[in-house]
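With the hints as constraints, model all of the structure from the sequences given.
Here's the letter readout for the chains.
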Amino acid sequence: MNKQDLLNIGDKTFQSRLFTGTGKFATSELMTQSLAASGSELVTMALKRIDIAGKDDDILKPLLAAGMNLLPNTSGAKNAQDAIFAARLTREALGTNWVKLEIHPDPKYLMPDPIETLHAAQVLVKEGFVVLPYMHADPVLAKRLEEVGCAAVMPLGSPIGSNKGLASREFLQIIIEQARVPVVVDAGIGAPSDAALAMELGADAVLINTAMAVSNNPVAMANAFALAVTAGRQAYLAGLAPKAQHAIATSPLTGFLN
Amino acid sequence: MNASCFSDQVTMDEWQAEKLAIIDCNEAQVVNAIEKSRANERLSLADFKALISPAASPYLEHMAQESQRLTQQRFGMTMQLFVPLYLSNMCSNICTYCGFSMENKIRRTTLDTAQIEQEALAIKAKGFDHILLVSGESERKVGIDYFEQAIKVLRQHFNHIAMEVQPLSTAEYQRLNALGVESILVYQETYHREKYAKYHLKGKKSDFDYRLQTPDRIGESGINKIGLGCLLGLEDWRTDAFYVAKQLNYLEQRYWSMKFSLSFPRLRPCEGGGEVNSPMSERELVQLICAYRLFNHQVELSLSTRESSVFRDNMLSLGVTSMSAGSKTQPGGYANDDKALEQFSIDDNRSVEQVAKMITSKGYQVVWKDWQQGLVSQ
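Protein chains in written order, with our numbering: chain A, 1409 to 1666; chain B, 5 to 382.
These are computed hints drawn from the structure, not numbers from a lab. Misleading hints may appear alongside valid ones.
[Unchecked claim] As a list, the in silico DSS-like pairs of lysine-lysine whose alpha-carbon atoms are at most 30 Å apart:
#1 A:Lys1572 / B:Lys229
#2 B:Lys229 / B:Lys208
#3 B:Lys109 / B:Lys208
#4 B:Lys250 / A:Lys1516
#5 A:Lys1572 / B:Lys40
#6 B:Lys130 / A:Lys1469
#7 A:Lys1516 / B:Lys263
#8 A:Lys1469 / B:Lys366
#9 B:Lys156 / B:Lys208
#10 A:Lys1572 / B:Lys250
#11 B:Lys361 / A:Lys1456
#12 B:Lys109 / B:Lys206
#13 B:Lys366 / A:Lys1572
#14 B:Lys128 / A:Lys1456
#15 A:Lys1469 / A:Lys1456
#16 A:Lys1456 / B:Lys263
#17 B:Lys128 / B:Lys366
#18 A:Lys1469 / B:Lys361
#19 B:Lys208 / B:Lys145
#20 A:Lys1516 / B:Lys229
#21 B:Lys145 / B:Lys128
#22 B:Lys40 / B:Lys366
#23 B:Lys229 / A:Lys1456
#24 B:Lys130 / A:Lys1456
#25 B:Lys263 / B:Lys208
#26 B:Lys156 / A:Lys1456
#27 A:Lys1516 / B:Lys40
On a predicted model such as this, the values are computed, not experimentally measured, just so you know.
So, in structure tokens, the structure goes:
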């Protein structure tokens, strides 16, 4: 195992390939302890949920105290205009140009809007943001977002908060195969085994929130996810998981040539 | 309003048929609905009818467990707090069950800009960021121009503004949307077309269809969220609750990017009295709340201080996602508590701090802020 297996996104380098969220925890203490147990170095939080005026905020304050890298997200935005507004507001308030672009106009399944996401990404990249877009596992969209300058792409495993695992596996594999920016599997990962699988498939990182926060023991679950991500990554590096989808036939049809 | 709108579907024939269908649900249908939920399948309106039927009563614990699981997965270990701000108790309607009813001899008042500012500061000092503006229905004195003035003051203090006032026109809702109002609550009270007329004797509220079409006008205006509900106890609560679910389904399909919330006010004593035709027990209210959650995973469920503290404490983890706390139901009540003006007396009289402490002690995090003013563009 290469000890220098670091992940570079934008201007930052990460040792941990487990990104986390801040929603749904019972207390901010539990959130802080869980994030610590996860070893995560990048954590996302919704602009709408934090009090950007007061530094006394129950989510923001412990994150800042722990020296976490912040990945503000635009959750609540229904179109590009809203998301751009949210990104500008967080940059001003939190002093970070990182943004997780989330545009889901459908409140039922929280499916990301590809058209608005691409448009907002274009604008925000030009404004100097490090843009990590939440997206459907759509390989063409992943390339388009890469082309407009996104620092990574964040395709979903299954609907946000559903804990249904890698329902989009076939398409995630295509995205991973084609991507020239890091691929972070976001949303729907329900168990450490899902996270390990995503890493084995070659994802560069995963983002976990609900499966951790809503567990009976979020701290222990955070640690379990950390182990799973490490195991999955090692397996990928060791070459155990398939990378290309086109099989190389060992068919007897051409055996006569030997 | 086009021909396929929801109010056309609410007929007396259908009411009677649905009422009977709910009563006729059997245990097998209840078990089937719960099993579907456990398998993470979406429930149909037929399943919902089974869950609110008398046949579901023995399965309340199973429903509660499912409701808790689905709510925690979707909303986490959190409880949002909000508070109502009564702008005015002026009203031109006569409604037999309401303390603000025009014929009730109570002192009438409407807050002016300075008083609204005072209320805002008193509420803000308690920690709230989500407010619900409430008023009687007095079109001339408390109309859209008045609301605009009020909101301009209040948006300086609060990120999330919801309103529960008289039904307005689409154009008026567009004006509210432009000012950053996030949510409009409008309760049909009852979907029983004939009895509705007997409860709403005079005033604009007596127009059943205009009120029932209000969510469509809100949906067309681009407002982000609609709150639905009925006044449980006026008429057969099961049938009314079913129509709320049916209207929710209709609106979700028609306005696919809107959010929704539900409330379940039970009829309570107020000035002027009024009959409770279909009394609903606490056990039945639990059944209804759990049924709504099993039926719709994403809808916000809101519980007011009309209910007792013991009930609210226990419902915290069973499906509810937002609660009011420390409520005053009279205009100016936060800066100056004058009981003579109130709409109805509340049951949970605890302070905001006490409610917040209770929530924390139950292992839930209090959410004061979950919206950003300006986030949804107009």
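Okay, the hints, checked on the actual structure:
1. For the proposed pair Lys1572 of chain A and Lys229 of chain B, the alpha carbon gap of about 27 Å is at most 30 Å, so the pair holds.
2. Taking the CA atoms of Lys229 of chain B and Lys208 of chain B, the gap is about 24 Å. The hint holds against a cut of 30 Å.
3. At roughly 20 Å between alpha-carbon atoms, Lys109 of chain B and Lys208 of chain B fall within 30 Å of each other, so this suggested pair holds.
4. Annotation: proposed proximity of Lys250 of chain B to Lys1516 of chain A holds, straight-line Cα distance about 16 Å (limit 30 Å).
5. Distance check on the hinted pair: Lys1572 of chain A and Lys40 of chain B sit about 16 Å apart at the alpha-carbon level, within 30 Å; holds.
6. A hinted pair counts as satisfied when its Cα atoms are at most 30 Å apart, and Lys130 of chain B with Lys1469 of chain A qualifies at roughly 20 Å.
7. Proximity of Lys1516 of chain A to Lys263 of chain B is assessed by CA-CA distance (about 8 Å); at most 30 Å being required, the pair is judged to hold.
8. The hinted pair formed by Lys1469 of chain A and Lys366 of chain B meets the criterion: a straight-line CA distance of about 23 Å does not exceed 30 Å.
9. For the proposed pair Lys156 of chain B and Lys208 of chain B, the alpha carbon gap of about 27 Å is at most 30 Å, so the pair holds.
10. About 28 Å separates the Cα atoms of Lys1572 of chain A and Lys250 of chain B, which keeps this hinted pair within 30 Å; it holds.
11. For the given pair, Lys361 of chain B sits about 23 Å from Lys1456 of chain A by alpha-carbon distance, which is consistent with the 30 Å threshold.
12. Taking the CA atoms of Lys109 of chain B and Lys206 of chain B, the gap is near 16 Å; set against the 30 Å cutoff, the hint holds.
13. Our distance criterion of 30 Å between C-alpha atoms is met by Lys366 of chain B and Lys1572 of chain A, whose separation comes to about 28 Å.
14. Note on Lys128 of chain B and Lys1456 of chain A: the hinted pairing holds, with a Cα-Cα distance of about 18 Å set against a maximum of 30 Å.
15. For the hint linking Lys1469 of chain A to Lys1456 of chain A, the alpha-carbon distance of about 15 Å falls within 30 Å, and the restraint holds.
16. Among the hinted pairs, Lys1456 of chain A with Lys263 of chain B is consistent with the structure: their alpha-carbon atoms are about 15 Å apart, no more than 30 Å.
17. Simply put, Lys128 of chain B and Lys366 of chain B have alpha-carbon atoms about 25 Å apart, close enough for the 30 Å limit, and the pair holds.
18. A hinted pair counts as satisfied when its Cα atoms are at most 30 Å apart, and Lys1469 of chain A with Lys361 of chain B qualifies at roughly 20 Å.
19. For the given pair, Lys208 of chain B sits about 14 Å from Lys145 of chain B by alpha-carbon distance, which is consistent with the 30 Å threshold.
20. Using a Cα cut-off of 30 Å, the hinted pair Lys1516 of chain A and Lys229 of chain B holds, with the two alpha carbons roughly 13 Å apart.
21. As the CA atoms of Lys145 of chain B and Lys128 of chain B are separated by approximately 26 Å, the hinted pair is consistent with the 30 Å bound.
22. About 29 Å separates the Cα atoms of Lys40 of chain B and Lys366 of chain B, which keeps this hinted pair within 30 Å; it holds.
23. The suggested pairing of Lys229 of chain B with Lys1456 of chain A holds, with an alpha-carbon distance near 15 Å, which does not exceed 30 Å.
24. For the given pair, Lys130 of chain B sits about 20 Å from Lys1456 of chain A by alpha-carbon distance, which is consistent with the 30 Å threshold.
25. Proposed proximity of Lys263 of chain B and Lys208 of chain B is supported: the alpha carbons are some 27 Å apart, at most 30 Å.
26. With a CA separation close to 20 Å, the supplied pair Lys156 of chain B and Lys1456 of chain A stays within the 30 Å bound.
27. With a CA separation close to 18 Å, the supplied pair Lys1516 of chain A and Lys40 of chain B stays within the 30 Å bound.
The structure shown violates none of the earlier numbered hints.
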